[in-house]
Amino acid sequence: MKNKSKPDVPHPLEDLVRMDRIPHIWCSGCGTGSVFASCLTAIKQTGIDYRRFTMVSGIGCSGRGAGYINIDSFHTTHGRAIPFASGIKMANPDLNVIVFSGDGDLCAIGGNHFIHAARRNMDLTVVCINNFTYGMTGGQVAATTPFGAKSATTSAGNPESPFNLPLLAYAAGATYVARWTMLHSRDLADAIKESILRKGFSFIEVLSPCPINYGRRNKEKALDALRKYQKNTIVKNGANPAEADIDFDKGVILGKFIDIDKATCDESYRKMYRPQETADKQLKTG
Amino acid sequence: MKYWRVPLDSNEVQVSRGKVHIIEERCKGCGYCIEYCPREVLEFSKAYNAKGYHPPVVRSEDCLNCHYCELLCPEFAIFSVEAIGEGV
Ligand code: SF4
Ligand code: SF4
Ligand code: SF4
Numbered sequence: 010m011k012n013k014s015k016p017d018v019p020h021p022l023e024d025l026v027r028m029d030r031i032p033h034i035w036c037s038g039c040g041t042g043s044v045f046a047s048c049l050t051a052i053k054q055t056g057i058d059y060r061r062f063t064m065v066s067g068i069g070c071s072g073r074g075a076g077y078i079n080i081d082s083f084h085t086t087h088g089r090a091i092p093f094a095s096g097i098k099m100a101n102p103d104l105n106v107i108v109f110s111g112d113g114d115l116c117a118i119g120g121n122h123f124i125h126a127a128r129r130n131m132d133l134t135v136v137c138i139n140n141f142t143y144g145m146t147g148g149q150v151a152a153t154t155p156f157g158a159k160s161a162t163t164s165a166g167n168p169e170s171p172f173n174l175p176l177l178a179y180a181a182g183a184t185y186v187a188r189w190t191m192l193h194s195r196d197l198a199d200a201i202k203e204s205i206l207r208k209g210f211s212f213i214e215v216l217s218p219c220p221i222n223y224g225r226r227n228k229e230k231a232l233d234a235l236r237k238y239q240k241n242t243i244v245k246n247g248a249n250p251a252e253a254d255i256d257f258d259k260g261v262i263l264g265k266f267i268d269i270d271k272a273t274c275d276e277s278y279r280k281m282y283r284p285q286e287t288a289d290k291q292l293k294t295g
Numbered sequence: 264m265k266y267w268r269v270p271l272d273s274n275e276v277q278v279s280r281g282k283v284h285i286i287e288e289r290c291k292g293c294g295y296c297i298e299y300c301p302r303e304v305l306e307f308s309k310a311y312n313a314k315g316y317h318p319p320v321v322r323s324e325d326c327l328n329c330h331y332c333e334l335l336c337p338e339f340a341i342f343s344v345e346a347i348g349e350g351v
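Heads up: the sequence lines are chains X and R, in that order.
All letters in the first sequence, in the order written, are residues 10 to 295 by this note's numbering.
All letters in the second sequence, in the order written, are residues 264 to 351 by this note's numbering.
No lab work stands behind these hints, which were simulated from the structure alone.
Warning: the hint list may mix true and false statements.
Away from chain X, derived, C-beta distances all over 10 Å, residues of chain R [to be verified]:
id, residue
1, Val269
2, Glu275
3, Val278
4, Pro301
5, Glu303
6, Tyr311
7, Ala340
Distance condition first, Cα-Cα at most 25 Å in a straight line; then the derived DSS-like pairs of lysine-lysine [claimed, not checked]:
id, chain 1, residue 1, chain 2, residue 2
8, X, Lys53, R, Lys282
9, X, Lys259, X, Lys230
10, X, Lys259, R, Lys309
11, X, Lys271, X, Lys293
Which stretches of chain X does chain R cover? Using the computed rule of at least three CB atoms under 8 Å from a CB of chain R, they are [unchecked claim]:
id, region
12, 16-23
13, 112-122
Built from N, CA and C at the ideal position, the CB exists for glycine as well.
Chain R on its own, in the form it takes in the complex:
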């Protein structure tokens, strides 16, 4: 993770890590999750889903498990869970 100033206790504080799940066929391509993810984890897929929308895809492994995409998505199409045993 990039910091503009390294916190003094950065070695001790555990940064939570998440894994984001996308249920592509529910997505209506509004882009809310992509635009408002604080870590810019997501981008539009080049592919279409069955409804003709471009769902998001994961472009980086920086997910913080903040659940914001999950709250903001109008379609119940994205959510995050804690990444377990995937290293920090």
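With the rest of the complex left out, here is chain X:
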């Protein structure tokens, strides 16, 4: 079969990507691009008008997502994707706000914002790419680096224990908590779609390889990481987030852990402080 010529049809996600910025900066074998493709697929599958979305990213490799998506988006300051996103949601509650960022940005540098947005049940879809390190700055130890793993700043192994992010999200008040890997592209796209369509703080952790700054120091090529995601994981929907600590020797639990119905921050705020607006809306939507 000939593949030399360019296909006569465009790639199906091209309408959602700023093609003039492609190739993106993500390294060969970086999983971020795959997570991004799943996220765009989910947006497409909702059937909602693209003008009803906003993507917000913080700083880091995955933080580039906001710059590549061809809808309204904000590339914000380090750790502050969630407060920007919360502001957007409170000002314009009809928008579907997606936060696309990394573990370091969302849960370490922006850790306080993260727990408080979860506590408030702010209506956001938070896609957190966990590559176990600070990739962009050279692979320093992160709050998610597994115990014993090597990094630029823990050359003999990490002496600290990492966060269990699903447990952190749940304990703080998130009403939807799931974990997938970038290899589980379809489950991931379905989870993102489900989160967009539901109300409340949705947290989706996605395990994804950083072969350059994490893999290299831990003798793990991108495809080795993917094999681990395939072989050393167990899908267990409804599992207790307390069991979701990451230990590939024991098996890492994936799935949808939490899905609770609860009034969102913007709904409660409007009901209490803008009662007329709420009544008008109910009249309109029946």
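We have chain X already, so just place chain R with the ligands on it with the hints.
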């Protein structure tokens, strides 16, 4: 298509067929699509693209149009479409 056990209704069920498109110059040679295609449709090309990576080439006509390569590729460099009028 090879089956380890021929399904009873294999004559009636239409197996979808796909055609896979590769945009060589976007590829960064990670090999995800090659490794995880369920039908082993792809292999590394011997040639390099302009960036110095070996993009995938199609080695068999078994594509199922499952779109998995399309979802997994970090570079928007591969996708499948339904094969129309190419016989099953
Ligand atoms: S440094 Fe790591 S996380 Fe950043 S683009 Fe490269 S592989 Fe991806
Ligand atoms: S669409 Fe599916 S079967 Fe076809 S090449 Fe891609 S992964 Fe393989
Ligand atoms: S998944 Fe994409 S970037 Fe990776 S080898 Fe296949 S076509 Fe190239």
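Okay, the hints, checked on the actual structure:
1. Distance check for valine 269 of chain R against chain X: the nearest CB is about 27 Å away, which clears 10 Å, and the non-interface claim stands.
2. No Cβ of chain X comes within 10 Å of the Cβ of glutamate 275 of chain R; the nearest lies about 27 Å off, and the non-interface call holds.
3. At roughly 19 Å from the closest C-beta of chain X, the C-beta of valine 278 of chain R stays outside 10 Å, upholding its exclusion from the interface.
4. Here proline 301 of chain R stays apart from chain X, with its beta-carbon at least about 12 Å from theirs, past the 10 Å limit.
5. Every Cβ of chain X is farther than 10 Å from the Cβ of glutamate 303 of chain R; the closest lies at roughly 15 Å, confirming the non-interface assignment.
6. Its beta-carbon lying about 13 Å from the closest one in chain X, tyrosine 311 of chain R satisfies the requirement of being farther than 10 Å from that chain.
7. The claim that alanine 340 of chain R lies off the interface is violated: its Cβ sits roughly 8 Å from the closest Cβ of chain X, which falls inside the 10 Å cut-off.
8. Our distance criterion of 25 Å between C-alpha atoms is met by lysine 53 of chain X and lysine 282 of chain R, whose separation comes to about 22 Å.
9. Taking the CA atoms of lysine 259 of chain X and lysine 230 of chain X, the gap is about 21 Å. The hint holds against a cut of 25 Å.
10. The straight-line distance between the Cα atoms of lysine 259 of chain X and lysine 309 of chain R is roughly 39 Å, outside the 25 Å bound, and the hint therefore fails.
11. Of the pairs offered as hints, the one joining lysine 271 of chain X and lysine 293 of chain X holds, with about 22 Å between alpha carbons and a cut-off of 25 Å not exceeded.
12. As drawn, the region 16-23 of chain X meets chain R at 6 residues by the rule of a beta-carbon pair under 8 Å; at three or more, the given contact holds.
13. Judged by the Cβ-Cβ criterion of 8 Å, the region 112-122 of chain X is not covered by chain R as claimed, because only 0 of its residues qualify and three are needed.
Figure legend: structure checked against the earlier numbered hints; hints not met, in rising order: 7, 10 and 13.
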